[in-house]
Each structure stands twice: as structure tokens, then as C-alpha cells.
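S.K.: Just so you know, the protein sequences line up as chains A and B, in that order. For the first sequence, the tail end lands on 166 under my numbering, and the numbers increase by one without skipping. For the second sequence, the tail end lands on 751 under my numbering, and the numbers increase by one without skipping.
Think of the hints as simulated: they come from the structure by calculation, not from any bench. Beta carbons: idealized from backbone N, C-alpha and C, even for Gly. Keep in mind that a hint or two might mislead.
[To be verified] Covered by chain A, per the in silico footprint, the following chain B stretches (three or more residues, Cβ under 8 Å):
{"no.": "1", "stretch": "172-178"}
{"no.": "2", "stretch": "385-396"}
[As the list claims (entries may be wrong)] The following residues of chain A were derived to be distant from chain B, with all beta-carbon distances above 10 Å:
{"no.": "3", "residue": "Pro17"}
{"no.": "4", "residue": "Arg26"}
{"no.": "5", "residue": "Gly27"}
{"no.": "6", "residue": "Leu33"}
{"no.": "7", "residue": "Val45"}
{"no.": "8", "residue": "Thr70"}
{"no.": "9", "residue": "Tyr80"}
{"no.": "10", "residue": "His91"}
{"no.": "11", "residue": "Glu109"}
{"no.": "12", "residue": "Thr114"}
{"no.": "13", "residue": "Gly128"}
{"no.": "14", "residue": "Cys129"}
{"no.": "15", "residue": "Met155"}
Here is what each chain is made of, one letter per residue.
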Amino acid sequence: MECACTKQKSDLSLLAPVLAEYASVRGSLITILQKAQEIYGWLPVDVIYHIAEQTGTTPARVLGVATFYTQFRFQPVGKYLIMLCDGTACHVNGSAAIAAALREYLHVENGGTTADGLFSLSIVACLGCCSLSPVMMVNEDTYGSLTPQSALAIMKDIQAKEAAQA
Amino acid sequence: MRIAVGQGSCGIAAGAAKVCAALQEQLPPNVKLGTVGCIGMCWLEPIVDIYDDDNTLLHRLVRVRPEDAARILKWTQDGEDFNIMDLIIGKDDAQFLTQQTRIALRNCGLIDPESIESALAAGGYSAVGRILSADSGMTPEEVIECIKVSGLAGRGGAGFPTWFKWNAARQSPGNEKYLICNADEGDPGAFMDRAVIESDPHTLIEGMLIGAYAIGAQEAIVYVRAEYPLAIRRLEHAIEEARAAGYIGKNIMGSDFSCEFRIKAGAGAFVCGEETALIESLQGQRGMPRLKPPFPAEAGYWNQPSNINNVETFANVAWIINNGGEAFAAMGTADSKGTKVFALTGKIRRGGLVEIPMGMTLRQVIFDIGGGIRDGKAFKAVQMGGPSGGCIPAELLDTVIDYKKLAATGAIMGSGGMVVMDADTCMVSMAKFFLDFTAKESCGKCVHCRIGTKRLQEILTRIVEGNGRAGDIELLEELCLAVRDGALCGLGQTAPNPVLSTLRYFRDEFEAHIRDKQCPAHSCTALLRYGIDADTCRGCTLCAKKCPVSAISGTAKNAHRIDPDICVRCGACYAVCKFGAVRKL
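From just these sequences and the hints, can you work out the full model?
M.R.: Next comes the structure, spelled out in C-alpha cells:
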């Protein structure tokens, strides 16, 4: 059986400037992983092997650190990453209903990506906008005081925008 | 004249950037437009302040929309209040601020967070100037003494005396020392640290500089959540400005004191709020707590003496140096000095950032400042301290805010999250919510925490799903004590608190779920039944049309009926009934 790390073919040269800056600075593994995720959108397995090799450590250790933190993803994400807040304030103000509406409308579970690759749904801990609860972020934009209807309207707006571009 | 638009993360989410753009488009030449941070009146966002040339606030406009830009700008020319009357903040709402005492938040919402001139005009870096002054400066020992007199305690939650930590780090042998700011605000429901960094980053930098001087550190590091991109951007910018102005780097303000700054973005792990886990994370490792001792003051970052304080703690420091420790200690109670910032959220009318002197009661904060519960409903409980804290019920609303008094209720001061709940909130479900969180965030190092939180979560899940068993409450209690005693760090030791405190005050709700298969708050779906009140029902047929599973029968103008065997409890009928005839049973 072929190893998964040889099947994945990421462009490792993109990571060269990051490694040049940080590979020899002690304690920089998390920073390198963050920069790698900025470049690739997620952490492909060959990238993890490459980072291990270049920083003089084992893939197991790199993966051990990466899987510890919720920020790191091991699957590609959709064009729009929906981060739905389930902090205390959002929870009390009905984030569960928003989650249910999004799951049903997008046919996707928490952590999954829609078949068309447009949306990924991630239910996250507090985004720190509690006064606007319930809140979600779609990529860099924050939307507050959501209802199931308004959350779906935002999805439909994005879909319409994408359809117009296509 | 000057117009300032409040643009913290939540202000921007509420539309402040669009308002700012609309104002910019039509801006008359005699009016300046600027950005300020968050004033903390979140329920009124977007907020626009109008100042005259002497910096006197003329009007505070609230809930401003981009289409209001034209009439606001017209006002700057003709001063005719009539046209903007509906935007001017109401007297009731304005009281939110007048009842507060702001030290940590003193500049938030008033200065431009992206301009060091704005910070300097508000007195920024004057405390650093004072301690480094060649003829009348303060020694590190004098700084520590001043903080000791002030009684400042760690605002991140534990409430440990700040001077003690500083002194321990100062006394530790070694020349390489580190000062670290914990801005990994992971408590769900707390956002004061984000607000301080986004609104007044120079106050944080100044507080950290004073701390670094006191302990003898040459490097200061801010460990901030990656989920706060705006805070990171503004802090990076502020550090650059401070470096250019000579407040960061070698021989600060011509003294012998040198200090470098850098930011490290966290990667999302609640346990990294624990100081030894934070250090592991800073070193590029999994954020798992270390055994203490040795404490970070002896062997912290790279095993060198290190000191870690929270953002709000640092935000108080410059004020204390400028006004004296006695002035800070004059506020508060015998045990808890100074002020505390709270993030007031949940089912509250006026949610936002509240900074009050210690010693105020919870009732004053929630009802006098926060305006009480939304929609006229009854107050049920307030959750303080997040996943490490507990719920305080209505009968204890007169508890004063003080580290010891709050701990006596089973909650904690915590970092300042204050989530208010009304009668519709199920307390068993709240306990489950927090255990879901801690079970997920447990780092896995200690067996009791790793497996104990999981088992607690399972028991709570079966209770809210209507499958609770006799003896479950006793089992919860036994497990809670085992987790508390068997965990190494604060996360594990305090993880049972949300369960223990809800059991203490709302035991009857647990019993109702287990014994009667009822959720008194009508919140747990599995235990919920819908019924139609025959006397109130007008037979409009709307509910029957909306029911996705055809569980509702009845003819027009006659009372309808729900078949409980078919009903899936989606609540569609409840939402759609105009007469309030559909009831939660």
C-alpha cells in the first residue's frame, strides 16, 4: 500500500521563505504551522513531513502539536469557512437553532464541507462578540444577532454572488 | 468639529465600517473623521460621537446606519438637533456609563487605537516616564511596593496578588527574564481583553513595560488568541509606533532600561490560559500544563524566570503608578481592591463592558447598570467564571463583588464573563454545555480530568435527553469530587464547578429531568411536549399547515389538537401561532 504522504503533492516551494525565517528559531513550530495553513488553507500530510524534515524533528511530533490545537485543519476547507459561535452567550441566545438551520440547508455536518466546495461549517468556542449573540464569522466577516432565517439569507447571498460570477 | 466612529470587532460587525465609509464620502472640509475603539455599549452599536474642537462631547449617536450619514453631517453644519433627535442616546442608556468607574477601560472608545499621538494626549507613557526619570525615578523595588500597596490582584481569574508574582520573578537569580501577557481569552462569554487591545493597545504596552522593568525582563511577549485578528493587527501597529517613539527597544527614554516586544498568536486551546500550558505553547509544544513547583517565576519560558499576567491586570498598572497605590486601594472591599471589568451578556437588556469598583452587588450591576432582563422576563441566574465558575441564583443577587464572597457562592470572579439567564434557560443543559466544553478542551494529561469530564458529560447528556437514572445525581457528585482532586491544573480542578453549583442551587431541576422526565424551563427538546389550549385556539389552521409531519388535526374555526406520538417537537406550530394557543407542556 502506498503511503498517504507520497500521494499528496503540495507545492512545497511556497513554504521555503517561512522555513528560511523560522526553521532555526527555537519554539517556532506553531508559527510555522500557522503560516503553512495560511498558504495552503489546511495542513496537507506532505507539508507536515516537509516541516518535520526541515526543522529536524519527527512527523509524529509535528502532527502531535498540530492536532492539539483547534486552529489546524487536516482537510481542505470550502471557499467560505463558516465559524458559528457556540460560546455561552450565543448558546443562551439560541445558537443551536442556527446550527440546525445551517446543517439542514447546506447538507453538511460540523467540520464538513459542502459537495460543491463552497462552504465549510465549523462550530467554534467563543468568538468574543458576545453582545451580538448569536454570532458567526464567514471568513473575515462577522455577522451578529442571527436568526435561522437571517443566517440562511447570508448563505443565499453568497451563493447568488458566486453564481453571478460563474 | 470631529466625528469618531466606534470600531471594535463588534462595532464593525454591527455595521460601523459602513457608517464610517458613508460619512467619509460626504465629509465637509471643516469636519474631521476618526476611529475610536469600543466604548462597551454593545447593544447600541454602531456608535458615532461628535466632539467640538476643544474635545468636548457634543452628541453620542447610537444605532447609526449608513443612510443616516447625510443628516449627521448636515447637523455638523447647522447644529439643528431636530434632524438627529432619534439617534441621540437616551437618558436611560447613557446611565450605563455614568454608574461605572473606569480604570482599565479609561481610554476605550475615547481615543484612536491606531494613533500613538492620541494615546499620548490621553496621558499614555507618562507612568513609564515617571519611573524612568533620571532624577525622580522609581527603582524596581519601589514599583513593586507601589503595586503591593494598591492591592492589585490577577484579573485573569485566580486573583493572585500581582506584586507577589513580580517580586518572586525579580528575586529569582538569572539575567535572562521574560514578561508574558496572557491574552488568550478563552472563556466563552468574556471579551474584555479583546476590547482593551482593540481600543487602547498602548495602555497594555505601558503596563507591560512597567512590569518588565520591575522584574528585570528584557523581553515582553503577548500571547494572544488567533481568533482576534483585529486585536493582533492593532497591537502590532501599536508596538511599531511605540518602538519608533523610543518606548520599546534599547535604552528606553534615555535610561538603562531596554525591552523588546513581540506577539505570539495562540492556536486555539482553552488550557493555554493556564500559565504553564501557555509557556509550553510559546515554546512550540502541545499546551499541556507542567507540575508546579517550580513556578514560572523560578523556571518558566525556556526555564528562565518568567512572569505572566492577564491583559486587564496590566491595563491597571500605569494608572496605579500615576495615581499611587493608595488611590487604587481606596476602592473596593477589605479583600478585593480596585475595579473589575465584566462582560455583561446573555438575556440582559443592556449588554456590554462594565467596569465597577469591587464591592458593588450583582444586583446593581445586572439591574441598575445592565437594565435587567430582556423582554420583561424573570431573572433566573447569572453565570460567572465560565467553565471554571458557577451559576448564582436570584436569592444571592445581593452578593457583593469580591473574590472571597463570590467564591463562597460556588462561582468565582473569573476573568469577568457575566452571562445572565432568564426562566427559559435550563440549568441542567447549562451544566452540560460547560462539560461539553471542558471535555473537549481537556488536554488529556491527567486521567481524572480526561476521563472524568467525559463521564460527567455522558451522564448530563442522558439526563437532558430524558434517560436519566436514579442515582445519577449522586454519581455526578462523586465524580465531580474525584475530578477536582485528581487534576493537575486549574482547568481540571475547576471543571466540576458548573455541575456542583447548579446541583447546589437547582437540584430540583435535575430531579425533575430524571424522575418526572420534565424540563421545568421547557428547553430540553427531548422532554418537551407541545399542546394546544382549546379555549384559546381560534381554529385558524395555520399550525396544521406548518406542521412538517402532519401531527396536528382539526377543522377550520374549531380547536386543533396535536398527536404527541407523531409530533417531532420542532416548534414550528409554537412559532407560528398568533394567539398563543400552542403551549409548551
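S.K.: Beyond 10 Å from every Cβ of chain B: is that where the Cβ of A/Glu109 lies?
M.R.: For A/Glu109, whose nearest Cβ neighbour in chain B is about 16 Å away, the distance exceeds 10 Å, so it holds.
S.K.: For A/Leu33, is the shortest CB-to-CB distance to chain B above 10 Å, so the non-interface label stands?
M.R.: It is violated; A/Leu33 is separated from chain B by about 7 Å at its closest Cβ, not greater than 10 Å.
S.K.: Regarding the assertion that A/Met155 does not contact chain B, is the least Cβ-Cβ distance greater than 10 Å?
M.R.: holds, 17 Å
S.K.: The output says A/Gly27 does not contact chain B. Does that hold with a beta carbon cutoff of 10 Å?
M.R.: violated, 4 Å
S.K.: Test the statement that A/Val45 is away from the interface with chain B: the closest C-beta pair must be farther apart than 10 Å.
M.R.: holds, 19 Å
S.K.: Run the C-beta distances from A/Pro17 to all of chain B and say if the shortest one exceeds 10 Å.
M.R.: holds, 18 Å
S.K.: Could you check that no beta carbon of chain B comes within 10 Å of the beta carbon of A/Cys129?
M.R.: violated, 5 Å
S.K.: Far enough from chain B: is every CB of that chain over 10 Å from the CB of A/Thr70?
M.R.: It is violated; A/Thr70 is separated from chain B by about 4 Å at its closest Cβ, not greater than 10 Å.
S.K.: Closest CB-CB distance from A/His91 to chain B, is it above 10 Å?
M.R.: violated, 6 Å
S.K.: Beyond 10 Å from every Cβ of chain B: is that where the Cβ of A/Tyr80 lies?
M.R.: holds, 16 Å
S.K.: Do three or more residues of the stretch 172-178 of chain B come closer than 8 Å to chain A, measuring C-beta to C-beta?
M.R.: It holds: at least three residues are needed, and the stretch 172-178 of chain B offers 3 whose Cβ sits within less than 8 Å of chain A.
S.K.: Determine whether the non-interface label on A/Gly128 survives the test: each CB of chain B must be over 10 Å from its CB.
M.R.: Non-interface label on A/Gly128 violated, nearest chain B Cβ at 4 Å vs cutoff 10 Å.
Checked against the numbered hints above, the structure breaks hints 4, 5, 6, 8, 10, 13, 14 and satisfies the rest.
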